[in-house]
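The primary structure of each chain is shown beneath.
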Amino acid sequence: MSNRNGSPLIEVEGLKKYFPIHKGLFSRHVGDVRAVDGVSFRVGRRETLSLVGESGCGKTTTGRVLLRLLEPTAGRAVYRPDPGSAPVELFELSQREMRPYRRDLQIIFQDPYASLNPRITVGNTIGEPLKVHGIAKGSALQDQVEDLLLKVGLRPEIANRYPHEFSGGQRQRIGIARALALRPKLIVCDEAVSALDVSIQAQVINLLKDLQEEFGISYIFIAHDLSVVKYISDHVAVMYLGRIVEQGTTRQIFEDPRHPYTQALLSAIPKPDPKERRRHIPLEGDVPSPIHPPSGCHFHTRCPVVEDRCRVEFPATHDLGDGHTAACHLLGQQA
Amino acid sequence: MTLSETKQDTDRERRGAAVPLLELKDLRTYFYSEEGVARAVDGVSYTLLEGETLGVVGESGCGKSVTALSVMQLIPIPPGKIVDGEILFRGKNLLELTGAEMRKIRGNEIAMIFQEPMTALNPVYTVGNQIIETVMLHQGLSKLAARDRAIEMLSKVGIPSPESRVDDYPHQLSGGMRQRVMIAMAMSCGPSLLIADEPSTALDVTIQAQILNLIAELQEDTGMSVLLITHDLAVIAETADHVAVMYAGKVVEYAGTPELFERPRHPYTIGLFRSLPDLAAPGQRLPTIPGVVPSAFHFPSGCRFRTRCSIATDLCARSEPPLAKVADSTDVHTVACHHLAEAQTL
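Going down the list, the protein sequences come from chains A and B.
For the working numbering, add 184 to where a residue sits in the first sequence, where the first one is 1.
For the working numbering, add 8 to where a residue sits in the second sequence, where the first one is 1.
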């Protein structure tokens, strides 16, 4: 939080990612899935920004485009490796020019079963990035791999074993060790703890926090479990159908949510307290298709306080003070 | 006496008398493989009362789903086998029924919904056909009447324009809608017991709230019992009347929901609650349960939680603690631990 006013690690502006839909004999371009439709955010140093929202809101796509695992349709991302260093326009680099920066930008995936190659030993999985980037080889490489295993709470002897011998939580630790190998500045955690059991999830969350402290890593934490998000994040951006509808500090979002979608999302979380048992005010219906998103405010089809102009006019993003912003027509009226 | 008074009376009777609908007694379901015997369910006993919701909570591999599949007798044999125990449904042991007798109960009196509705629905039949098949089989309705029933059920579970949706295929529906279809199918024969195995886990949080509300409403309307299996303590808190906590193929603690959340007794339950990020202050480290769940092929001797328990002693390795009533509880609280007093200081 302290670095909010200093130069951020990454600044994203107007990021868009459309997936074209082709149909018919000549693969005519008939439309687009607007997975991400103009999002802007910044990630501070040593900071955790969470992207939250329901399936299909574009949070995963945002993370992948940022790392250039997918090519952006529009927008820019400015990366400053160090507070004083010259800004790098990530989206203007060729794949070759991008390569050195890949060391700094890593990702951990949701499914610890699918994200490790079953035919490569744990040691080679973790050592691979070190070899590719020419950082270490031979016994130095082995030492580093053992170091990394210790860092993530695994025994160094397991380097010669294969992923299938490990539980989900252990595999996720292996994935973290691999991401950590190149001493990255930013790790995108794409639902990194969602598939884990409660007791194991707590272990991995603690590990992520410890590593952040030790190495000064920033996280983009993509998740749908809001209780984890509340615990781990400094800032939160709430996404709906490819757009950020509200953004602020964790406290602002959880204690003073201003967008009706954020309010509904928070009210839908079950609380582990039987005394607070209540009927939620659930949102009606499902998330609409991002191929034909609703006109005006994307949320108007499910919004409990919808007005006529929400159906036609796209709401501007209102500044609510202290970096808290939300895109809703009703907020403009109050001001 | 008016009708509503009669209803209130029977409600009271039901609650007062607390009639058990389903009783598991020392149920053991093992799986035999080349690696050895996996004792997935190893002596599980619990009781589900008429009209109530029993939450079964535990981590992956604790045997909560296999217990439910054993009740439905949907365990693949081989490699699985129900080796011991009783499953009493309205006092009748389901394990003594013939295949034909069990088929009359399965899907009719006891219905089940699963975590992943896409794999539970048949992709090549319309959702209507799948419900129609169920009602024709169990209720002996004609095809036309069964179709009307299917539409009625779809509308009851909140599917918009059910008259046209009845002819949709599963892939044309969203995840939440598919789970509604599963519930419609499960409810179509008016079951007295609904087994819901992680019914909302694969769904987004707003859709999860919709589905849990729907199950609660249907339960209020029909008075059915619900056996809710989940790993999510918050879902239990909001829906269950009683909770059974499972660990490594056994029930380690059983209590009324308010009591369990107020004062968990078993070191495992205590650890589970502590590791919830909901209850931790930001910045504070999450308390964790060290280690991992033991494999069903090699459970530790004695108490199965002792390898991860901070207060375990030699006694825990030597003898398995029985599930016993908690002395200073007015509730039906039972717990399987040798060191209850020490556990309270955790």
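If you are wondering where the hints come from, they were derived from the structure by calculation, not from laboratory data.
Just to be clear, a hint being listed does not mean it is correct.
Simulated pairs of lysine to aspartate or glutamate, EDC-like, Cα-Cα distance not exceeding 16 Å [said to hold, decoys possible]:
hint, chain 1, residue 1, chain 2, residue 2
1, B, Lys333, B, Glu225
2, A, Lys335, A, Glu255
3, A, Lys200, A, Glu276
4, A, Lys459, A, Asp470
5, B, Lys33, B, Glu43
6, A, Lys200, A, Glu255
7, A, Lys459, B, Glu270
8, A, Lys459, B, Glu206
9, B, Lys164, B, Glu225
10, A, Lys455, B, Asp240
11, A, Lys335, A, Asp394
12, B, Lys151, B, Asp175
13, B, Lys112, B, Glu141
14, A, Lys455, A, Asp409
15, B, Lys33, B, Glu117
16, A, Lys459, B, Glu267
17, A, Lys455, B, Glu228
18, A, Lys455, B, Asp286
19, A, Lys459, B, Glu228
20, B, Lys164, B, Glu228
21, A, Lys315, A, Asp327
Everything numeric in this text was worked out from a predicted model, so none of it was measured.
Hint-by-hint comparison with the structure:
1. As the CA atoms of B:Lys333 and B:Glu225 are separated by approximately 33 Å, the hinted pair breaks the 16 Å bound.
2. For the hint linking A:Lys335 to A:Glu255, the alpha-carbon distance of about 33 Å lies beyond 16 Å, and the restraint is violated.
3. With a CA separation close to 14 Å, the supplied pair A:Lys200 and A:Glu276 stays within the 16 Å bound.
4. With a C-alpha separation of about 29 Å, the suggested pairing of A:Lys459 with A:Asp470 is violated against the 16 Å cut-off.
5. For a cut-off of 16 Å, the pair hint linking B:Lys33 to B:Glu43 is broken: about 28 Å separates their Cα positions.
6. About 10 Å separates the Cα atoms of A:Lys200 and A:Glu255, which keeps this hinted pair within 16 Å; it holds.
7. For the hint pairing A:Lys459 with B:Glu270, the CA-to-CA distance comes to about 9 Å; that is within 16 Å, so the pair holds.
8. Between A:Lys459 and B:Glu206 the alpha-carbon distance is near 22 Å, which puts this suggested pair outside the 16 Å criterion.
9. With a C-alpha separation of about 10 Å, the suggested pairing of B:Lys164 with B:Glu225 holds against the 16 Å cut-off.
10. For the suggested pair A:Lys455 and B:Asp240, the alpha carbons sit about 10 Å apart, so the restraint of at most 16 Å is met.
11. The hinted pair formed by A:Lys335 and A:Asp394 meets the criterion: a straight-line CA distance of about 10 Å does not exceed 16 Å.
12. Taking the CA atoms of B:Lys151 and B:Asp175, the gap is about 14 Å. The hint holds against a cut of 16 Å.
13. Between B:Lys112 and B:Glu141 the alpha-carbon distance is near 14 Å, which keeps this suggested pair within the 16 Å criterion.
14. Only pairs whose Cα atoms come within 16 Å are accepted, and A:Lys455 paired with A:Asp409 is accepted, the gap being roughly 12 Å.
15. Taking the CA atoms of B:Lys33 and B:Glu117, the gap is about 20 Å. The hint is violated against a cut of 16 Å.
16. The hinted pair formed by A:Lys459 and B:Glu267 meets the criterion: a straight-line CA distance of about 11 Å does not exceed 16 Å.
17. Between A:Lys455 and B:Glu228 the alpha-carbon distance is near 22 Å, which puts this suggested pair outside the 16 Å criterion.
18. Taking the CA atoms of A:Lys455 and B:Asp286, the gap is near 8 Å; set against the 16 Å cutoff, the hint holds.
19. Using a Cα cut-off of 16 Å, the hinted pair A:Lys459 and B:Glu228 is violated, with the two alpha carbons roughly 20 Å apart.
20. With a CA separation close to 13 Å, the supplied pair B:Lys164 and B:Glu228 stays within the 16 Å bound.
21. The straight-line distance between the Cα atoms of A:Lys315 and A:Asp327 is roughly 13 Å, inside the 16 Å bound, and the hint therefore holds.
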